[in-house]
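Chain A is already provided as a structure; the job is to place chains B, C and D with the ligands on it using the hints.
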Amino acid sequence: MSAALPLTKADFQSDQETRWCPGCGDYSVLASIQGFMPELGIAPERIVFVTGIGCAGRFAYYMNTYGMHAIHGRAPTIATGLAAARDDLSVWIVSGDGDALSIGANHLVHALRRNIPVKILLFNNRIYGLTKGQASPTSEYGKVTKSTPTGSIDPPLDALSLALGAGATFVARTVDRDKQGLAEVLRAAAQHRGAAFVEVLQDCPVFNDGAFDHLTQKEPAAVNRIPLIDGCPIRFGLDHEMGVIRDADGTLGVARVDEVGADRLVVHDPGCEDPSLAFALARLGVLGAGPLPLGVFRSVDAPPWGDGLVAELREARERLGDDELDALLHAGDTWTVSG
Amino acid sequence: MSAALPLTKADFQSDQETRWCPGCGDYSVLASIQGFMPELGIAPERIVFVTGIGCAGRFAYYMNTYGMHAIHGRAPTIATGLAAARDDLSVWIVSGDGDALSIGANHLVHALRRNIPVKILLFNNRIYGLTKGQASPTSEYGKVTKSTPTGSIDPPLDALSLALGAGATFVARTVDRDKQGLAEVLRAAAQHRGAAFVEVLQDCPVFNDGAFDHLTQKEPAAVNRIPLIDGCPIRFGLDHEMGVIRDADGTLGVARVDEVGADRLVVHDPGCEDPSLAFALARLGVLGAGPLPLGVFRSVDAPPWGDGLVAELREARERLGDDELDALLHAGDTWTVSG
Amino acid sequence: MATTEFPALGDTVPARSRAAKIERRERVIVRFAGDSGDGMQLAGGRFTDATAFFGNDLATLPSFPAEIRAPAGSLAGVSSFQIHFAARDIATPGDAPNVLVAMNPAALRANLGQLEKGATIIVNEDAFSTRNLQKAGYEDSPLDDESLDAFQVKRVPMTALVTRALEGLDGATSRDAQRARNLFALGVVSWLYERPTDVTERWIEQKFAKQPHVREVNLTAFRAGWNFGETSELIDVRYEVPPATDVPPGVYRNVNGTTTTALGLVAASIRSGLPLVLAAYPITPASELLHDLATRKDAGVRTIQAEDEIAAAGIALGAAFGGGLGVTATSGPGLDLKTETIGLAVALELPLVIVDVQRAGPSTGMPTKTEQSDLLSALYGRHGESPVPIVAASTPGQCFDAAYEAVRIAVRYRTPVILLTDLFLANSSEPWRIPNAASLAPIDPAFAKPPSNGGRFQPYARNGDGARPWAIPGTPGLAHRIGGLEKQDGTGEISYDSANHARMTELRDAKVAGIEVPDVVVDHEDGADVLVLGWGSSAGALRAGVRRVRDGGRKVARAHLHHLNPLPANLGEVLRAYRKVLLPEMNSGQLARVLRAEYLVDVTSYTRVEGRPLLAGEIEQAILELL
Amino acid sequence: MATTEFPALGDTVPARSRAAKIERRERVIVRFAGDSGDGMQLAGGRFTDATAFFGNDLATLPSFPAEIRAPAGSLAGVSSFQIHFAARDIATPGDAPNVLVAMNPAALRANLGQLEKGATIIVNEDAFSTRNLQKAGYEDSPLDDESLDAFQVKRVPMTALVTRALEGLDGATSRDAQRARNLFALGVVSWLYERPTDVTERWIEQKFAKQPHVREVNLTAFRAGWNFGETSELIDVRYEVPPATDVPPGVYRNVNGTTTTALGLVAASIRSGLPLVLAAYPITPASELLHDLATRKDAGVRTIQAEDEIAAAGIALGAAFGGGLGVTATSGPGLDLKTETIGLAVALELPLVIVDVQRAGPSTGMPTKTEQSDLLSALYGRHGESPVPIVAASTPGQCFDAAYEAVRIAVRYRTPVILLTDLFLANSSEPWRIPNAASLAPIDPAFAKPPSNGGRFQPYARNGDGARPWAIPGTPGLAHRIGGLEKQDGTGEISYDSANHARMTELRDAKVAGIEVPDVVVDHEDGADVLVLGWGSSAGALRAGVRRVRDGGRKVARAHLHHLNPLPANLGEVLRAYRKVLLPEMNSGQLARVLRAEYLVDVTSYTRVEGRPLLAGEIEQAILELL
Ligand SMILES: Cc1ncc(C[n+]2csc(CCOP(=O)(O)OP(=O)(O)O)c2C)c(N)n1
Ligand SMILES: Cc1ncc(C[n+]2csc(CCOP(=O)(O)OP(=O)(O)O)c2C)c(N)n1
Ligand code: SF4
Ligand code: SF4
Ligand SMILES: [Mg+2]
Ligand SMILES: [Mg+2]
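For the record, the sequence lines run as chains A, B, C and D. Residue numbering for the first sequence follows this note's numbering, beginning at 1 and increasing consecutively. Residue numbering for the second sequence follows this note's numbering, beginning at 340 and increasing consecutively. Residue numbering for the third sequence follows this note's numbering, beginning at 679 and increasing consecutively. Residue numbering for the fourth sequence follows this note's numbering, beginning at 1306 and increasing consecutively.
In case anyone wonders, no lab produced these hints; they're calculated from the structure. Misleading hints may appear alongside valid ones.
Residues from chain B that keep clear of chain C, each with C-beta distances beyond 12 Å, as calculated [said to hold, decoys possible]: (1) Glu-378; (2) Ala-587; (3) Asp-646.
Computed footprint of chain D on chain B; a stretch qualifies when at least three of its residues, placed anywhere within it, have a C-beta under 8 Å from a C-beta of chain D [claimed, not checked]: (4) 396-403; (5) 423-431.
For glycine and all other residues, C-beta sits at the position ideal for the given N, C-alpha and C.
The shape of chain A in the complex, shown without the other chains (with noise of 0.2 Å):
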């Protein structure tokens, strides 16, 4: 039945077990997005979440909307088809870090630089996980896996950075155990109006515990985390003494505020045209053991790929009766056989 509105999390929470690992970061992030939707106000049967295969993949069975599990990698090519014949749907994409960067990059970095209307989040837990412990292309250089028993030849893809490269309007990373974090850009993502990207940083305790614990833990949180806040000084660290300031070379560094002074500081543009300022913080922490940039690297409306268009054939299409069809397949030169 349509959920009568003002909706609540129960809504958007399916009858399925969810069948994650103890302790999975999955949960949180489930928790979390089943208790951000509400926010939406759209019924659940006008949300779709569609994913591809993996632990992340699961996802899709537990949201109480309508969704498809599809195939490895492919999830933005149906939810792209999706976009193309409906324009009252919200559309998700829920994709792991080999599903959406090692099978299916080419058509994430398409989805991006079309600029498609869905959301895509990314849960990056740096491993293969339903496949039971393979390297994934953001596994560290070195890394030991069962697939790589001797360290990982393969330096990590940077997420971020790509989905920059493609040209995305819309980038952002968060964590899975936070939930404010989380909430934030989900809501941030939600208002805009093309291809949303969201890099999930996610815990895999069975096959790569701990890997964000520096991200995630009380302590050291504190420390490493440096929120993105539009339009502020980039500052972080436990009394936000460190910042965020621009070398003489041109590229971005950490500094000590009270050494280089508050006004050396960058101040967060998410909104530049120019996604070089966006793709200076991504390089700023790639994914590693030190302080890492979270929230909205970017943000920039642009139109939506196809904008209107969806509408603009619907009427086309309602004009035409059987009149209009038989004009059609009459056109051009014909002339008559007569018996």
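Structure of chains B, C and D with the ligands alone, referenced to chain A:
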């Protein structure tokens, strides 16, 4: 026969009749490359050209080296396999904008992030040539083509931005008609240990005529080419009266040198670890009518993928005979059943 | 050699109309051949329209150079257009041309081999320069030795004549003369076969309405060609091919298979009310379908050029999930890439139409040549037990019905359907009797409705057809999740249960096997004990071959398949009713394998894997050998 | 109900050795079942090793929960390991277990259905808490009602006993007790069947050499289990299964099909001198092969985790172009994605091995269940006429030969070869008679040599096998270009010529059809008029089924295929020699279709598509119905 060194252009010309349209930019590129090859001092039989499908893809047939005209978009995978089995070859990929950035983008991204020891030449004519004129991922927004009669609704990809986003260690751009610039870039690419990505802007007189006239026709070219020279302030224009500066907000822009002063000019540093600088330059002039940076954007030395591994494995294998194989087969717990 | 000398340009010919001898012909095959740049496709197209108007039955076959661009004047650069027209119903573009128009030496050389003995060759003698002769690989001019003795050669200095004709026109350049040669040639041949000139002239006037100069140049050249026939003694006989009388009455239009496929899909979209979303990645020859549909926004059609074939299939499937008519079109290599997604559609049980315009394989193969070698891959090219219905088109006009039928099956049975056409069908044209909209079978999407009882929705419950509900996003009360994992019968929930998997496999199988397809109709003759069976684009050649055999007084039966999965219910019975079954295919015997396995009947395969359509002549031979 | 009460933990049992009655058994099937976290695979593996050492013949079958992680204690989370061991040669992991070890209620419930009547059930009583019972969907405990009356239930408070046993050990925690329960169970069953304890103890000592505490915990738990059997009256009979006598002599090792496949490839690499490059994209169950080979750098093996299956195939092909042994491994969905690249390999005529570890389809299907439903897709899953040889492995041990054979064919005939194994073969193990290196057929890469005469190199010239030269980059004088476009016979230059295409199609076809494969060997009995034919992993079940029928005094013949393309030359003759041919397959009858088409023989299909191996019992029935 193994061509005796020193080599000449003729040593690299195959006996196949070139089958591009009259006036195609591919002819100039072919001539430049055949002319440049002898410089490498590598015997033709140690050189392999792997190409995808497209007009650009036909390149393989015209080089008197080993060559594989693979399938659409997959040349990087073939080259990766070649590099995994052999460490004594000079491997080159020739691809088109559709081949490399549409169907093959995923492979391009991963070849770059892995830093495969291979040179990747992307002939970008901003159109699908071989299939007779459909839009390509680099075609401009609104472009009218056979597949987009009412104008393309897909914003274009920028090849360099994508490559940088993927973590490419060497990124450059040149134009088909600029023999000298092409040679310089190829020289630098050839010296690079890892994956060298080179975008060659190429005219398709038949389906996208004059797309790069502003960079190739004597007059406008002088104004529109922004030459990137390692260690030099970035200047351009008829009498170098223009330059590239960093605006207050951190983005790059162009200005009259006499107005801003020479010391405000950005000094080009392709060796900078942080790809942000190169990325900013790439965004400075994404393909369009205006001035465009040409040359080497980024060149950072990093160990190529699986450096030394081929040799290590070869030695391991050479130690193995039937006895070692027997040992291998008998590994673990065994028991004997006597007749 | 049998050539007629043309009076030297010096002494002018009085422009008096003369009555050339007129001979009657039942059927004629004309081939226009020249360099890619010579506009032969245009000349052929115009000649075809005039012929259609005149009321002949006809079939055409264009042939382009391989996708590789070839140097002007070279053999590889030859482009040709063949038209077969007759006073009676005909079936193919014809085997051996009676008339060849050769605009240059390469065109002559490339086509000579296929001419019938005694055929007429009209050459543009001005193009036989030493340079052009070399490019075509001629030592010396074939016009000057005996190599053409077997033919009627008409040497026409077209370039010179067009130039002269244009002298009157101010601003006319030699470039114009070059460009208009094809219309001159068209004029000559139009005169030769008494084609109505007004059709062509009207077309020229409309086409170049905005470019008066070009219009004049073309009109002048066309008329000059006509007048040349009329005035010169060079061509002493004209041929009369009376209008066809045995064509069923109706309104006709000349179309190739690409247009009819597009129209079939559009018709299905309009009749069903489902928004047509065509997602495709360019590939020869399927690209043309994308190009055609891309121009039909006014019919509510959305076309998407995807980043690759996998994406194209995914986009079409996504559109279907959303309640659209999802279609993707490709050729061989692209079909390979779509297999995994087609398999997903099998598991999801959603409507999806995959058009495969077959070309010569394997791998990249010969992209500009035709073949029917994707059948087994369409049937079996997916891992696991993954049944998919297959519809195959037989003629350019029939592509309309085939496309419409593919949609009907996909929607009614909630299943992906593969529609097999080929390069030959896509490019060749024939008069198409236009159906009227009202006569088309209804297609009812029958979307699932919100549950009245508020009961729990069962996405994998089945109706009498074995089809599941199509519940599209936005429908209250039907929110559900589906995917590629095995599903519990009825509920659609994930299931790893052995018995359930066996049951679902059986249900998917039975659904496809149970699709209602019409019985195969046999064109039988009393006493015939040999059946010629075919599928796909060889229909014309088989029909013509069979007719020749019958004209020769022998008896033979013929049947053609349009449904390859499931096969018609009566097929086994039909096959067993004949002593021998001849099955010609443009592959190594793919359908033959299927029929042998299905019916244990020892069908006789006749296979040609030469990247070209079958010829009526070779079919006639093959049949005679069995009689 | 028939349970024996265990003396309450209060009154201690005197630890006197007692002689339990000993019964002799020919064959026994034991299944260890518990939660994923209970270490049943380890217990089973150790029991298997001890059994192998003891000299029984055996076969094992592990079964893991679906790739979805399931909550502890739930039915979906049950993991089990079955071993079948006997005094004589055996063929399968067995149908119905005689003994079930159930570590929790879910394990009991999930496996009860497959037990033979009267089977012994050893349960960890302590795990039957209300909470666990609920998770397993039990209203009340089956231990307390009649539901288990048909079985011999032994209630053992394992948790309590292990805890007590560990009391002696300092630093031992209750977590240790939890963790070591599986070794306690192992101890009990080892005692029950008189397995040698030293093998297991040695293993524990080696395995945990670096963790003395863990070592002690495990040793203690294992011995406690053994002593429990020895001392308690709970289990009153022990079973003796004497060593097998009818096993051929040789050195044996217990291996699963993944290891043997890996070893087969490595052996081929070493014997041929070709560097092995395995490129794969992870997918269940094929990932294990990647994992195994990734540990073999010391054997010169290079493994690459590609970005997707298309890349994996391309990388393997690129390695082959460079003179490497290019191999790619995948399962169903991945095979779909590799088809286009396999087609390229067909056109390039380069050696390439594609390993398809089949799993249940269609689409994502049931990734943790076995099936043999990729045969038709392996045969035909490419557009165009694109023939590929297919080798199918039949038992875990035989995977070695199959892999080696696949390489031999690929290298000798310069062709891609698809090796079909499946999840069952990959995971189950059996004693493998280790071949010795010298006895393996030689594999000669026979790379093309620089032309002595300086003559022009012909990359598509063919030898007696119809194979073309393998000319690798770096060889002077052989520089050449190849691709996916149709090639001129001999020169390998691009060709669009009709006759040439027909000829090349024929040559590619003939090369594969002409591959030398051994005749199929029939295990015939005089008077048998029914042949049971099989392929792939059903070999064991068919062998066992046939034996049961023969033990029952009826006559039946058996044959098994390892080459599916080309088929053995004598197969047609063999099939026609029997009144009926029974062809059991774990699909809907895929090989049956092939044989019917090929030989027009009406083979009788027996199909099970349940994602599980065939059972000897059902085969026996199927045969009897035909006799
Ligand atoms: C075509 C195909 N290839 C491979 C697989 C196997 N597979 C399933 S999920 C997965 C990757 C999982 O990693 P990720 O995307 O990071 O998701 P996670 O499980 O970590 O959430 C793979 C390789 C598949 N299902 N389909
Ligand atoms: C799998 C597959 N899909 C599509 C094609 C058709 N095709 C050949 S080349 C090409 C694109 C050509 O464009 P580009 O890569 O820019 O090269 P160009 O011809 O412009 O040099 C396409 C779509 C193909 N050969 N294979
Ligand atoms: S494997 Fe990792 S990611 Fe997957 S469910 Fe378990 S903990 Fe979560
Ligand atoms: S189509 Fe364009 S790119 Fe291709 S050969 Fe012709 S001119 Fe060159
Ligand atoms: Mg992951
Ligand atoms: Mg291009």
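So, going through the hints one by one against the coordinates:
1. Glu-378: Given a closest Cβ separation of 30 Å, the condition holds.
2. Ala-587: About 38 Å separates Ala-587 (chain B) from the closest Cβ of chain C, which puts it past 12 Å; holds.
3. Asp-646: holds, 32 Å
4. 396-403: holds (count 4)
5. 423-431: Coverage by chain D holds here, the residue count being 5 at a Cβ distance below 8 Å.
Consistency with the previously given hints is maintained throughout, with no hint failing.
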